[in-house]
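Once you know that position 61 of the sequence shown is 1094 in the working numbering, the rest is easy, because the numbers rise by one and skip nothing.
Certain hints may be false.
[Said to hold, decoys possible] Under the rule of at most 16 Å between Cα atoms (straight-line distance), these lysine to aspartate or glutamate pairs were calculated in the EDC-like manner:
#1 K1083 to E1094
#2 K1077 to E1056
#3 K1077 to E1094
[What the hints assert, rightly or not] DEER-style ranges, computed between Cβ atoms:
#4 E1049 to V1074: 40 to 50 Å
#5 K1051 to Q1102: 42 to 52 Å
#6 A1066 to F1090: 24 to 34 Å
#7 Q1101 to M1041: 20 to 30 Å
Just so you know, these hints were derived from the structure itself, not from any lab.
For clarity, every value in this text was computed on a predicted model and none was experimentally measured.
Built from N, CA and C at the ideal position, the CB exists for glycine as well.
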Amino acid sequence: MQVAYKLMVMHEECLEGKFHYIERLREANQQKAAVHHVRQVAYKLMVMHKECLEGKFHSIERRREANQQKAAVHHVRQDEE
């Protein structure tokens, strides 16, 4: 019920040209996405660290190859401009 009421209020505010509630939602969403991304990166780093301690470097090699491919694509795009 509370969600439906908030949606109705947001709709009425939008009709009146007031978008501050939607902006607050957008900002909150961006912060949540950033936190999720940081957690993903931290997890991947922990896995890579553990693998390195075990003498396994395939994750690092895959990351290096991916970065080289990105750099090559970036270089090609710059040449096209």
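Hint numbers not upheld by this structure, sorted from lowest to highest: When the structure is compared with the hints, numbers 2 and 7 turn out to be violated.
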